[in-house]
Amino acid sequence: MEPPARVELPAAFEDVEIDILAQLIADMMERLMAHNDQIPLSPESLTRFHSRSAPGISILDYLRRIVKFTNVERACLLITLHYIDQICARTPPFTLSSLTCHRFVIASIAVSSKALCDAFCTNSLYAKVGGIPVGELNLLEREFLRMIEWHLTCTREILQDYYVNLVRTHSAGRYIIVGTTSGSSASSDSEMDYESGPSRAGSPTPVRPGDASIILIDAATLAPESPRPPTVEQNMAFAAFQQAGRQAGSASPA
Numbered sequence: 001m002e003p004p005a006r007v008e009l010p011a012a013f014e015d016v017e018i019d020i021l022a023q024l025i026a027d028m029m030e031r032l033m034a035h036n037d038q039i040p041l042s043p044e045s046l047t048r049f050h051s052r053s054a055p056g057i058s059i060l061d062y063l064r065r066i067v068k069f070t071n072v073e074r075a076c077l078l079i080t081l082h083y084i085d086q087i088c089a090r091t092p093p094f095t096l097s098s099l100t101c102h103r104f105v106i107a108s109i110a111v112s113s114k115a116l117c118d119a120f121c122t123n124s125l126y127a128k129v130g131g132i133p134v135g136e137l138n139l140l141e142r143e144f145l146r147m148i149e150w151h152l153t154c155t156r157e158i159l160q161d162y163y164v165n166l167v168r169t170h171s172a173g174r175y176i177i178v179g180t181t182s183g184s185s186a187s188s189d190s191e192m193d194y195e196s197g198p199s200r201a202g203s204p205t206p207v208r209p210g211d212a213s214i215i216l217i218d219a220a221t222l223a224p225e226s227p228r229p230p231t232v233e234q235n236m237a238f239a240a241f242q243q244a245g246r247q248a249g250s251a252s253p254a
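For the sequence shown, full-length UniProt numbering gives the first residue as 1, with consecutive numbering after it.
Hints listed in this document are in silico derivations from the structure and should not be mistaken for laboratory results. There's no promise every hint is true.
What the hints assert, rightly or not - Label-pair ranges, simulated between beta-carbon atoms:
id : residue 1 : residue 2 : range
1  : E44       : A172      : 15 to 25 Å
2  : L139      : V7        : 34 to 44 Å
3  : S171      : A12       : 32 to 42 Å
4  : P10       : A119      : 31 to 41 Å
5  : G179      : A54       : 35 to 45 Å
6  : L60       : P92       : 22 to 32 Å
7  : I57       : L139      : 33 to 43 Å
8  : L145      : R52       : 19 to 29 Å
9  : E14       : E44       : 18 to 28 Å
10 : A115      : T91       : 14 to 24 Å
11 : T155      : F69       : 21 to 31 Å
12 : E157      : L60       : 18 to 28 Å
13 : E157      : A54       : 31 to 41 Å
14 : S42       : N71       : 34 to 44 Å
Only a predicted model underlies this, so the values are computations on that prediction, with no experimental measurement involved. C-beta atoms are modelled at their ideal positions from N, C-alpha and C, and glycine is treated no differently.
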């Protein structure tokens, strides 16, 4: 059986079809979620971005919905990966998982559009598209800004690096950027990063977009938060998660 034909993409991320960019980002996020979902949940790791259960819509369909109804710019999609790297470096307990990804993405799009674009939608529209109450999006936006410490922009070169590495590490290896060569080891390197077994401590180590290829930020230049005990809100939320899990288990047929 012949391998699928390679699809050539433009050299600059500004010129790529936005649906293909959404596919590339979703592919990266799906692998992040698959890995990070293996990490046991703890009270101190709970954030406002956690949902009680994983949404029923895939992250690709979610991104396509956002693109369709908000006319989001390509830079705003790509910078979401930079935000993940920044926040994970500053707040190590946070991971992008199936419980956090969708809410993180809609908050990221709302914030980045305001920071990078001359025209953007209202929070009412972002909330409607994202499937959450507008009051909840307002809270997510404030929490997002706190976690990112208002570092909302980056250079065009950083976004270009993310684009190149999304193409290079795509799980199916079907894309190639015009004017570059792509070694066959790129896909296998990515798979090794995301499908590695448990760490020596007994649980998987969280991964971020930059881990798939090169680290695009210098974590040493960031000031991570000092470890703090879980708050009362986190303990209550964690107890609710556990209770929901027990109820789901008891409702399952024997």
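Cross-check of the supplied hints:
A hinted range of 15 to 25 Å for the beta carbons of E44 and A172 is inconsistent with their spacing of about 36 Å. Take L139 and V7: their Cβ atoms lie about 40 Å apart, and the range 34 to 44 Å holds. Between S171 and A12 the beta carbon distance is about 23 Å. The supplied range of 32 to 42 Å is therefore violated. Look at P10 against A119: about 24 Å separates their beta carbons, and that is not inside 31 to 41 Å.
Take G179 and A54: their Cβ atoms lie about 39 Å apart, and the range 35 to 45 Å holds. Between L60 and P92 the C-beta distance comes to about 27 Å, which sits within the given range of 22 to 32 Å. In this structure the supplied range 33 to 43 Å is violated for I57 paired with L139, their Cβ-Cβ distance being about 21 Å. Checked against the hint of 19 to 29 Å, the C-beta distance between L145 and R52 comes to roughly 24 Å, which is consistent with it.
Judged by the Cβ atoms, the range 18 to 28 Å given for E14 and E44 is violated: they are separated by roughly 40 Å. Checking the proposed 14 to 24 Å range against A115 and T91 shows it holds: the Cβ atoms sit about 20 Å from each other. Between T155 and F69 the Cβ separation comes to about 29 Å, which falls inside the hinted range of 21 to 31 Å. As the Cβ distance of E157 to L60 is approximately 27 Å, the hint placing it in 18 to 28 Å holds.
With their beta carbons about 34 Å apart, E157 and A54 fall inside the hinted range of 31 to 41 Å. Range check, S42 to N71: about 39 Å between beta-carbon atoms, so the 34 to 44 Å window is met.
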